[in-house]
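S.K.: What follows is each chain in one-letter form.
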Amino acid sequence: MKIAVCVKHVPDAAVTKRIDPGTKRLDRSGEGSLNPVDANAVEEALRIRDATGDGAEGEVVLVSLGPEKAIDSLRKALAMGADRVLLVSDPDAAGSDLVATSSLLAKALEREGADLVLFGQQASDSDGAVLWAAVAERLRLPLISQVAELTLEGGAVTGKRQTEFGYDVIRAPLPAVVAVADSINEPRYPSLKGIMGAKRKQQDVLSLADLEIEAERAGASGSRTEVLALSDPPPRGETRKLEDDGTGAEKIVEFLAEKRLV
Amino acid sequence: MDFAFTQEQEELRREARAFLEENPEAQLAELRELGWLGVSVPEERGGGGLSFLDEAILFEEAGRALYSGPFLTTAVVLPALPEVDEQAWSVEVDGFVPDLLHVDRVLTEGMQSVPAEGETLATMDETRPLGRLTSSDGEAVDGEWEPVRLRLLAALALEAVGIAQRALELGIEYVSEREQFGKKIGTYQAVSHPLADTYVETELARSLAYWAAFCVAEDDEQAPVAVPAAKAFCAETAVAACERSIQVHGGIGFTWEHPLHRYYKRAQWLDAFGGHAAVQRAVVAAALLD
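Those sequence lines, one after another, are chains A and B.
For the first sequence, my numbering begins at 20 and goes up steadily by one.
For the second sequence, my numbering begins at 24 and goes up steadily by one.
Derived by calculation from the structure, the hints in this document are not laboratory data.
A portion of the hints provided could be inaccurate.
[Claimed, not checked] Interface residues of chain B toward chain A, partial, derived using beta-carbon atoms under 10 angstroms:
#1 D25
#2 A27
#3 T29
#4 Q30
#5 E38
#6 A41
#7 F42
#8 E45
#9 P47
#10 E48
#11 W59
#12 L73
#13 D77
#14 A219
Since the model is a prediction, treat every value here as computed from it, not as a measurement.
Glycine included, C-beta positions come from ideal geometry on N, C-alpha and C.
Let the sequences and hints guide you as you build the complete structure.
M.R.: In structure tokens form, the structure reads like this:
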């Protein structure tokens, strides 16, 4: 069983995010880390690999698109137990939008030909939550998203999909694409051995040329969207401060009634 | 010559810190699962086959998190055993056994492996009580006590660095938020200077502690001087760091609700156990002059 997990190197949660006004892109120069929900996808892949037993045949491959320093974040997933990394990194790919990114990732995934492709539901930097859909479409594979529970049986994958009103249980034949929610599992902490051995695992960095993708199909030229303007959220409207002189509760009810909220 | 931590060691520090922040009460079994026990024991004896320098990072982080399980003592005993086992270990030094209640066996200065039976004493640091063994008779363990003692003192020094670091961070966080006379109190020199002193001392302490760890790891001939030098300075640094942090915290600093008193008590514990700074300096002096 070969499982590909698409992961992303994102600005670390502790870093204040900043948009570069010149390029209108997120400033990614600071400390980065593995996208949090991607750790859930890696964890799920490892559990499936280890449960299917045949250790020799089972493989978890990390697939990512990003700058070369993304390797630092991917190493955490290797330390957790993933087998190897395929990073697509090319200056021409910088600034790829969802459409361009999905095409590059699909190309890399085609090359791997995995039985199961896992994604974390969304990335903490852009919060798009659509990349997996675009990739599944390009690969012509079935897709289950927002999965809180995953089982594999008889060449099919069954996902319990979280919705606003309850759960959908969906089955799809393999190969398939699955986007997991953070409720699916608790990612393991890498063991000391895992951390120390991560660097020695296979880490392939491929350029666009290696994947036989023309530069025009990547980066800004391959993107179908353009960021026109960015601005801060509007300031909050007028606020009213109530001093509680014992009638605070009444005043709040009065205010809500005035607004027709009660 | 490269004195920097390797990428893997930095990664180990990050993960250890994240784990201990999430699981400050983790059981020893969980740490064993993560491969934190027997790190520097060769693989053929069931260990991790790495260096005491890698293990050193765990001691520092355990101190920073004020971890209270018998991790430190178990980790320093394991290399002395023929094979890494699943038991929790402590050591008997000057008749005292840390965490006697929470371990299975105790290694004594006479290299006896003794069942952990005895009474627990009232100690200032309640998270790491000391006990006294009922009997020091047990099974003989092959080997010498000296390497165990050096590992132990080096580990205590490293833990002290973690304590000092955390006390400093808590101080910085507080004075960067707390305002008085319309300004953050960290802008007043009487507040910022003590923290700067702590920073300088903590950095020096860390250098000494990792030098000691290096000497232990490499079985270097300087180890018998490096280790007491580190133990003396690191423990005193941790105590001073806590005292200054308590001071800049003002009233809240000496309440039960604030964690600082626990760091302060651990720092005092670290200074006392295995010999106060003055005792350690006497060892250094003897090595230099005798």
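S.K.: For every hint, state whether the structure bears it out.
M.R.: Outcome of the hint check:
Interface hint at B:D25: violated, since its Cβ lies 16 angstroms from the closest Cβ of chain A, which is beyond the 10 angstroms cut-off. Because the beta carbon of B:A27 sits about 15 angstroms from the nearest beta carbon in chain A, more than 10 angstroms, this interface hint is broken. Here the hint on B:T29 is kept, as its CB sits about 9 angstroms from the closest CB of chain A, short of 10 angstroms. At about 7 angstroms, the closest approach between the beta carbon of B:Q30 and any beta carbon in chain A falls short of 10 angstroms, and the interface hint on this residue holds.
Against a cut-off of 10 angstroms between C-beta atoms, the interface hint on B:E38 holds, since the closest Cβ of chain A lies about 6 angstroms away. This hint holds: B:A41 has a C-beta 7 angstroms from the nearest C-beta of chain A, less than the 10 angstroms allowed. Using the Cβ-Cβ criterion of 10 angstroms, the hint placing B:F42 at the interface with chain A is satisfied: the shortest such distance is roughly 5 angstroms. The criterion of a C-beta within 10 angstroms of any C-beta in chain A is met by B:E45, whose closest approach is roughly 8 angstroms, and the hint holds.
At its closest, the beta carbon of B:P47 sits 14 angstroms from a beta carbon of chain A; the interface hint therefore is violated under the 10 angstroms criterion. Look at B:E48: its Cβ only gets to about 15 angstroms from chain A, farther than 10 angstroms, so that hint breaks. Evaluation of the B:W59 hint against chain A yields a held restraint, the C-beta minimum of about 6 angstroms falling below 10 angstroms. At a threshold of 10 angstroms, the smallest CB-CB gap from B:L73 to chain A is about 6 angstroms, leaving the interface hint in force.
With its C-beta approaching chain A no nearer than about 7 angstroms, B:D77 sits inside the 10 angstroms limit, and its interface hint holds. Restraint check, B:A219 versus chain A: the minimum CB separation of about 24 angstroms is more than 10 angstroms; hint violated.
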